[in-house]
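Read top to bottom, the protein sequences are chains E and S. All residue numbers for the first sequence refer to my numbering, where the first residue is 950 and numbers rise by one. All residue numbers for the second sequence refer to my numbering, where the first residue is 459 and numbers rise by one.
You may find that some hints are simply not true.
[Unchecked claim] Label pairs and their calculated CB-CB ranges:
1) S:THR549 to E:PHE1200: 52 to 58 Å
2) S:ALA561 to E:LEU966: 23 to 29 Å
3) S:LYS620 to E:ALA961: 41 to 47 Å
4) E:LYS995 to S:GLU616: 30 to 36 Å
5) E:THR959 to S:SER708: 45 to 51 Å
No wet-lab data here; the hints were simulated from the structure. For clarity, every value in this text was computed on a predicted model and none was experimentally measured. Just so you know, even glycine gets a beta-carbon here, dropped at the ideal spot from N, CA and C.
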Amino acid sequence: MVISLKNGFTEAGNATLFVARFFREVVKPPYEIKEFIRQCYIIGYKSMPLVAITGFIMGLVLTIQSRPTLAEFGAESWLPGMVALSLIREIAPVITALICAGKISSGIGAELGSMKVTEQIDAMEVSAINPYKYLVVTRVLATTLMVPLLVVFADGIGILGGYAGVNIHGDVTMYRYFSQVLSSLDFLDIVPATIKTFFFGFFIGLIGCYKGYTAANGTESVGKAANSAVVTASLTIFIIDMVAVQLTDLFF
Amino acid sequence: MIQVETNTIKQTVADHPSPEINTKVGPVINIKGLYKSFGKNTDILKGVDLTVRKGENLVVLGKSGSGKSVLIKCLVGLVAADKGELKVFDTDITKMNNQQLNAIRLKIGFLFQNSALYDSMTVRENLSFPLKRHSKKLTNKEVEHSVNEALESVGLKEAIDKMPSELSGGMRKRIGLARTLILRPEIILYDEPTTGLDTITSREISELIVHIQKKYKTTSIIITHDMACAKLTGDRLVILKDGVMVAEGSYATLEKSDDAWVRSFFI
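Please construct the entire structure, taking both the sequences and the accompanying hints into account.
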């Protein structure tokens, strides 16, 4: 009990130092622009197909599942607005972030973990290259920037999925569907939901990097780093979401 | 192909006469009373004293866990020493900040046990990566020239566009060595350079180490279990036992040591 408590505090202390180092290194030159762009491409562009498929399915399924309930109240015409609101405010950010936690955070955890185990990080260090700046700062910045863009992309695709869902049982033109979607959306629906995705992205990258960068020696630790990154990042997403919803409720 | 490469190396070794180890010049590496432990009751180094002179190839022998790798990792600041003096080029690296340490690191090459090539980069990128970072004024043509030259030194010019996963163990070691050489280090630290290689490839790597010492006039510390490598590469050998240096001398001297434990390495 005492040992696990001590380990918990040690882990928390190490994680805090890791985060503090990020804020120190991010402002200090030299800036790894090329690596940052490469990571944006890997994290953002290469995740687009997965996000598009899940986004489309989210919109489609949400529409199909909601229709019977709304039909009971004769409120089928609210379907496009309801789907858009649900997607933009909650479902698309959280589901996209969870997908990114699974794909990106675990990928970063495994990649950096294997680099640590095979002494590639040490090799950078002895070559007088700052591995933290090259590997961690670039990845965290890339996830912070790319996850919100992926969420916006998922929002759009999800709304398109909703259009497909509406037209399974009905006949609504695209113009009418999007008119209803846009008229039901408010500035305050979009902004807080988008702001929280920056935090999702930041923590997805940071947790993946922390787990990988601090992996113990041995190949087993690579798997553990990847697994632990997904679990911790997923849990963190829910906690951030809860805090964000409370804050939004408080201020808006 | 390997035969041709080996012959080329032998030829180049013959072209470059062995550098004279100048005992009058101060030591390049001077370690005094070095202690390192990992947690309670896990003392790895217990007061190691060691001197390496310019141009010398020093082989460090010892059983697994005797602290050989920790010793050279302390020299580049990968592992922080608990106590003791660690002078490289007459400067105590234990008192340096990260920036000063990086300046020293540029003069030290480190060949890792598993080569530590960057998996996501080609051989060309592996070699140009440290060079581009530290020599920003170099043109792409100059970088390419340096990469080719380093690869030529290790006899693997044709592997330039390969990924590390496409290379054999021996080739990875050579590429690792080429990456080390590209920054023209004055000291090279070899962490078990022949581990996991067959006898022929081990010999090729050992010959390469000698060739590099002669061509680039480097000072080296070679950590090894491979006695053939120790015999071929070492100007002087030291033996570590439980974190303490117990024997020092040439291969021939230690082979005939009065201490049965020391002699057991040479059987």
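Consistency of the hints with the structure:
no.	hint	result
1	S:THR549 to E:PHE1200: 52 to 58 Å	holds, 56 Å
2	S:ALA561 to E:LEU966: 23 to 29 Å	holds, 25 Å
3	S:LYS620 to E:ALA961: 41 to 47 Å	holds, 44 Å
4	E:LYS995 to S:GLU616: 30 to 36 Å	holds, 31 Å
5	E:THR959 to S:SER708: 45 to 51 Å	holds, 47 Å
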